[in-house]
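2 protein chains.
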Amino acid sequence: MFTIGIDYGTNSVRALVVRSADGAEFGSCVVGYPSGDEGVLLDSHDHHLARQRPADYLFGLERSVAGALAEAAKRPGFSAANVIGLGVDTTGSSPLPVDAQNRPLALDDKWKDNLAAQCWLWKDHTGWREAARINELAAKHRPQYIAKCGGVYSSEWWWSKIWHCLDVAPAVFDAAFSWVEIADWIPSVLAGVGDPRKVKRGVCAAGHKALYSDEWGGLPDKEFLSLMHPKLAALRDRLYEKAHDATEAAGALCDEWAKRLGLPAGIPIAIGEFDVHYGAIGCGVREGTLVKVIGTSTCDICVVSAEKSIDDIPGICGIVKGAVLPGYYGVEAGQSAVGDIFKWWVEWVCKGDADLHAALSAEAAKQKPGQSGLVALDWNNGNRTILVDQLLSGLIVGQTLYTTRAEIYRALIEATAFGARAIIERIKEYGVPVDRVVCAGGIAEKNPLLMQIYADVTGCTMHVAASSQSCALGSAISAAVLAGAHPNFAAAEQAMTSLASTVYEPVAVHKVVYDQLYALYRQLHDSFGGLNRSIDLSRFMKDLIDIKYAVNG
Amino acid sequence: MFTIGIDYGTNSVRALVVRSADGAEFGSCVVGYPSGDEGVLLDSHDHHLARQRPADYLFGLERSVAGALAEAAKRPGFSAANVIGLGVDTTGSSPLPVDAQNRPLALDDKWKDNLAAQCWLWKDHTGWREAARINELAAKHRPQYIAKCGGVYSSEWWWSKIWHCLDVAPAVFDAAFSWVEIADWIPSVLAGVGDPRKVKRGVCAAGHKALYSDEWGGLPDKEFLSLMHPKLAALRDRLYEKAHDATEAAGALCDEWAKRLGLPAGIPIAIGEFDVHYGAIGCGVREGTLVKVIGTSTCDICVVSAEKSIDDIPGICGIVKGAVLPGYYGVEAGQSAVGDIFKWWVEWVCKGDADLHAALSAEAAKQKPGQSGLVALDWNNGNRTILVDQLLSGLIVGQTLYTTRAEIYRALIEATAFGARAIIERIKEYGVPVDRVVCAGGIAEKNPLLMQIYADVTGCTMHVAASSQSCALGSAISAAVLAGAHPNFAAAEQAMTSLASTVYEPVAVHKVVYDQLYALYRQLHDSFGGLNRSIDLSRFMKDLIDIKYAVNG
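One line per chain: the protein sequences are V and E, in this order. According to this note's numbering, the stretch in the first sequence is residues 1 to 553, in order. According to this note's numbering, the stretch in the second sequence is residues 1 to 553, in order.
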């Protein structure tokens, strides 16, 4: 028996055909989104804007599944008739305005070129003013709402985006009957749901992103939403009452899509989750494991048994019951840009390509920790955790007239490692156990320099997931559990996931230097991030030079 | 009648044949130094090190004068027999170890490849530890010494370098009979001086760089030098008692060099001054004029009548009577790297050439002030004025994932403009009048974008000197006054200098934005520079974004 995991990333969608018994990957296919800049619609006047065409999602869905099935069909023992379920994961929070038939406005000729009518991609930060207003209102009227998401509601999330649409594109807002996360919308398309009120919503996306919690009866109450805008209160009736964890199906494959995909009609479709949440399952997450999915950005996932009590953690953007595994709190953190920062440096500034990535990486690998005299902040796209502030920006300090591009490249890798350490320290401080780190994503697999630096900076042994498609694999695992191929997630993870043989151990002498550099990073982090408003920086550059001289002997 | 100005820069030497009557330039020739990286000997293990081969100076002297004379010879009315004087300016403080015959150690086979035996170029900062010790000792025992140089003795100067040589290369120190600034050494070569004790030393180089002042009887007393090292006290006897302003000749052209250069023997040689001091004369400096020579670094020069009293100015590295014009205090300030920072960015990081400089400049010219959301510090080579701290380093803040290399290029130009403004504000605050700014140097002539930004940031109208060779011209003017072609410097400047017709006026709407950015620059400047140890930086990145949004509308 087989299930298919479908993973919607920022630039492309991947379908993966997986054998339920052992997780063997029989076929996979990646399809890039045809529109915009690698699938992302940008606005040269506002770097906060990032949208996607929903038509690209449908195009990619059909092509990627067809490609994966075609590849699987070459392997003995595979038949499309033996596919018993589908799972979908996507980026998020990425809300999409739809009409009363659950059809995206952007598929209508009237709206097709309107940026506000497209899907508002996770990394769209145009709603930063609205996020600030939500934070003010919640602090005053509903502090419990934001306590649950680390103390700060983000411009990356559901209400900031929908409210911003109402502010800047009221005609689009008024034309939208409802809004749907693409994590919920793609499964609803496969299930043939023609009414947004009937779309099964996942608690993963609803959780803190839409301020949903069973504790206060679902979405924010109308009184609170009215303080934002009466039209948002009215919208609540056209959204949903209940969100679900992965024990619930999103629906069954409808005849139309069964035909288009060449799969059996009626097979179950797992509830949609965000990519890294299903990715954590694909990495074998369990209590005590931190899963890091390292790509353009990084997402960190832990789970803690729902039988325990867990405090709200300042700056940790989400603790949601059932967001990853049923029966566990999902603890979510992340860094708004990781691979994107290296890409910015290599492609945008140095005007290079993959070869230059490799060349700079090779040169950077020859440098000792502290040797460049540089330290950077990893905030080119804001700080998701632990500051939850999208209005922060990048910083590099310590340059001389002889600082090289490879030194800056390494300093940027180190900056993301320091950001990763700040997250680990914060969650451990609040009682989330971290005794194992499992990494996934292209960077974890292909960049041993980065992995070693992460080990040296955090002091943790870094493992890498065996599958290169852990998100799609996690979606396929969820479908397999739903379809009854395994009795529960623990058994399914045991059978269907494994670790790569390469392991990165911290080097003690590097850790000593990085402890000093991390202290300097924290001076920048805490002063520019607003945690400490009177840090003495007068020795900062001299401390960097002292470290440099000590390291260079 | 004609004089020749010879200008020793960081990468090359230029000779300029000038008609004394009107400053008309009859011939010029530039010769690059053949050794090292564009004439500079570097050490890949220590970015503070920068040395030069004295043989390069002699090679360049002969070639450049020959070339300039050859060019002049093509013009009617010129004859080498009508050359009535020579003037020399050089970088500095650039001390050179010599033997008892005034011959550089580096010309001896035994020492020729020893980096410590070469000329210690102005931008060599290896003596930063020694500079710190000089500051400690002077603060305790001779506060007047460093009050005269802005409160801080620099690693770029005479005693820091010579003491560092004693610390790290005692064999070289012991082999040296004496040390000579190249500003004094080149004229002494032309004059055939065979004993370093007989070299006529200029007060320009001696002034604060060697802590020379008539107020305390010349060089620092032996008691103080003994506190540094007994060998430095002993060296004092092999240096000099008296330093001179430009009313005094360095000597007369000796037979040997008259023959080598094809010039009349016995013509007077002006006292050596640093490039920008004679450059200020070539720009027509007078009380109320700030001369900025903008090149790899920037030097700022003002003069104030010696009949007035002038306070010591904190952070202003030198107020020396006679350092520029006889009868005036020379007030000297500067920025350790300006063109060098752009060169670093374009050539070292972006791996481009002059074409890329032009392309980035063209792209940066399209940006509005504040549009990039960036602000940078201009400290890649430390800060000469007003912090006098070579251990400071570069900083860039405000980067997003879409920040371009042209935006950073512009931010670096702006950073140097902010540094320039800090200097102007400081000297005005202490009563030095600035009612006219005259710029010289390749960047002033060739980079209208930079000049406009400087006007917008400082609020000053920026003029450009008509001569492209203001330093060499100033040297030639000094020679002309010495040879009697003009009664005094005021008359000579009046006759021999002029301004270019292009003038850069501040644009009011730009100034408003730059006032805000300068306030942010000063937050970085004052916190990392140690002037204020408790600046609240929590709004810094948000202020940058506010400015960016306001500018972009």
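Simulated from the structure, these hints should not be mistaken for lab results. Just so it is clear, the structure is predicted and the values come from calculations on it, not from any experiment. Warning: the hint list may mix true and false statements.
No distinction is drawn between identical chains; accordingly, a pair holds when it is met within one copy or between any pair of copies.
Cross-link-like lysine-lysine pairs, in silico, DSS-like; alpha carbons within 30 Å at most [as the list claims (entries may be wrong)]:
id	residue 1	residue 2
1	Lys343	Lys242
2	Lys259	Lys368
3	Lys343	Lys321
4	Lys259	Lys198
5	Lys368	Lys351
Hint check:
1. Lys343 x Lys242: Neither, since 40 Å and 60 Å both go past 30 Å.
2. Lys259 x Lys368: This pair counts as neither: shortest intra-copy Cα distance 57 Å, inter-copy 55 Å.
3. Lys343 x Lys321: neither (35 Å within a copy, 55 Å between copies)
4. Lys259 x Lys198: Within one copy, since 23 Å is at most 30 Å while 101 Å is not.
5. Lys368 x Lys351: both (26 Å within a copy, 23 Å between copies)
When the structure is compared with the earlier hints, violations turn up for hints 1, 2, 3 and for no others.
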